[in-house]
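As you go down the protein sequences, you meet chains A and B in turn.
The numbering of the first sequence is the working numbering, which starts it at 1 and goes up by one.
The numbering of the second sequence is the working numbering, which starts it at 1 and goes up by one.
Hints are computed from structural coordinates only; laboratory data are not their basis.
Each hint should be verified, as a subset may be incorrect.
Pairs of lysine-lysine, DSSO-like flavour, derived with a Cα cap of 27 Å [claimed, not checked]:
id: 1; chain 1: A; residue 1: Lys228; chain 2: B; residue 2: Lys125
id: 2; chain 1: A; residue 1: Lys41; chain 2: B; residue 2: Lys8
id: 3; chain 1: A; residue 1: Lys157; chain 2: B; residue 2: Lys8
Listed below, chain by chain, are the residues.
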Amino acid sequence: MTQKSLAATAYLSLMYVFLYLPIIVLVLYSFNNAQYSLVWKGFTWDWYRALFENSSLWVATYHSLLLGAAAATVATGIGVLAAVSLYRYRFFGRQFLNGLIFILILSPEIVTGAALLILFTLICLPLGFLSLLISHITFCLPFVIVVAYSRLVSFDKNIFEAAKDLGASEGVIFGRIIFPLLWPALFSAWLLSFTLSLDDVIISYFVAGPEFQILPLQIYAMVRSGIKPEINALCSVLFFITLFFVLLSQLVLRKKA
Amino acid sequence: MKRDAGFKHFSLTVVWSWLFLFALLPFSLVVIASWLSHHADHFVSLPFTVDNYRALNNLIYLHIFERSFVVAGIATMGCLLLGYPFAYCLARIQGVRKAVLIMLIMIPFWTSSLIRSYALIAILKARGILNSVLLGLGVIHQPLSILFTHEAVIIGLIYNLLPFMVLPILTNVERLDNRLIDAARDLGANRLTVFRKIIIPLTMPGILAGCILVFLPAMTLFYISDILGGAKSILLGNLIQNQFLITQHWPLGSAMSVMLTAVLAVLIALYAWKTRGSKNREWMA
Chain A
1 MTQKSLAATA YLSLMYVFLY LPIIVLVLYS FNNAQYSLVW KGFTWDWYRA
51 LFENSSLWVA TYHSLLLGAA AATVATGIGV LAAVSLYRYR FFGRQFLNGL
101 IFILILSPEI VTGAALLILF TLICLPLGFL SLLISHITFC LPFVIVVAYS
151 RLVSFDKNIF EAAKDLGASE GVIFGRIIFP LLWPALFSAW LLSFTLSLDD
201 VIISYFVAGP EFQILPLQIY AMVRSGIKPE INALCSVLFF ITLFFVLLSQ
251 LVLRKKA
Chain B
1 MKRDAGFKHF SLTVVWSWLF LFALLPFSLV VIASWLSHHA DHFVSLPFTV
51 DNYRALNNLI YLHIFERSFV VAGIATMGCL LLGYPFAYCL ARIQGVRKAV
101 LIMLIMIPFW TSSLIRSYAL IAILKARGIL NSVLLGLGVI HQPLSILFTH
151 EAVIIGLIYN LLPFMVLPIL TNVERLDNRL IDAARDLGAN RLTVFRKIII
201 PLTMPGILAG CILVFLPAMT LFYISDILGG AKSILLGNLI QNQFLITQHW
251 PLGSAMSVML TAVLAVLIAL YAWKTRGSKN REWMA
């Protein structure tokens, strides 16, 4: 029995090493005082300093944070309305709406990106902040709906019935009951949407114009050209930013669960 | 009752408008564009044609289609072989330790896969960690050239998509009724039989869900093959992206997208059919 659990522990450890070793190496090398060498040449902040002085990266970071916050906010707003509608109402086309959300989750990002590019071209929307915002809201939306809906299902339905019997309108039920109960899930959904937006490469690649620079696409361009040694530092920073938001969102979600 | 309709109408209008304008309409446009002709200035133009689909029947494209399928298939098998024992071991752990370990699988799920793919380069490159370790141990005598091959792309895909396999299987293994296993053992089944005849069939919905969640993105994550595979390993994702953003042959790119979506839809339909009536049907991890 102990031998068996020892084997299981060893296997799990190996898997976690596989999952985390590259990231740990990446972070370590962002402090290595050598441009490309694998050998440790001493500790340095140089690459972080180079990042700090790179003004185009600052602009891209600002754009990404702005985009992420705006997309997450709108997606959470629309997403909660969708989740509540699906949960509380029977309406024409409900199954179809479900199906559409399902398609949005499963359709390959590359197809979503191409589809939105065609749409924006057709309606003559110039590629830039607005096209990115619409796209990011669209791909965050299903995640918000899933998180909010799965939380709604866990509530006692009688609460809403009681409120209704006591004369509360749908708007009041939403504002006074559903929203206060749901907000930890919504906050968590907001944070997850924010990180999704911050990390997205594929869809953004299609709908970002040349003018509005965002961080993941700049990283992609840097990684492809592969010449700047401060990429390690930049990737480490972005990794820890998203890590922070993911941990925060899980904490919020779990606390109330 | 009437005054209540306001909120409901407001919600439904907002939700429907958004999903109609930015989900249903764009997807329909891809289908329409795939039947249109190529135009140098306006990207697409009339007349309607089937040429784009006919053009797909071309040895180069078929070869890329086939290669994408094989690479994604191998990556899926790799994830299954690594992920199944992973989920199984994890399900046996209890308490806080388990919560932390699950959290550690969720993190790669949400953090940038571009960054994680880039991180693999330092491991895989000719003078990277893997080669240094293997050379040091005397396992190999010459550095392996893994980076910029199909193998590197497969490793990258497995590395990025493993959580998508582990999480649905884990949900299924956790729901496994241990009494069934005990009963089988009491009736004289050996370990292998129990595994083959009880554990595998009962966790099949998780296995299938995991395979789909890995296979779908594996076909189209173009930046992984771009970063790790170099110019040689063009996969379907790179091909579609090229049609839209480089050669700007939108109708052809649309036709490829439609074909890809059709293939994936068949796989999903197969999954739905295979797991019909099962309570363990699990989409979202």
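Hints and how they fare:
1. Proximity of Lys228/A to Lys125/B is assessed by CA-CA distance (about 17 Å); at most 27 Å being required, the pair is judged to hold.
2. Between Lys41/A and Lys8/B, the direct Cα distance comes to roughly 64 Å. Violation of the 27 Å bound is thereby established for this hinted pair.
3. At most 27 Å may separate the alpha-carbon atoms for a hinted pair to count; Lys157/A and Lys8/B meet this at roughly 18 Å.
When held up to the earlier numbered hints, the structure conflicts with hint 2 and nothing else.
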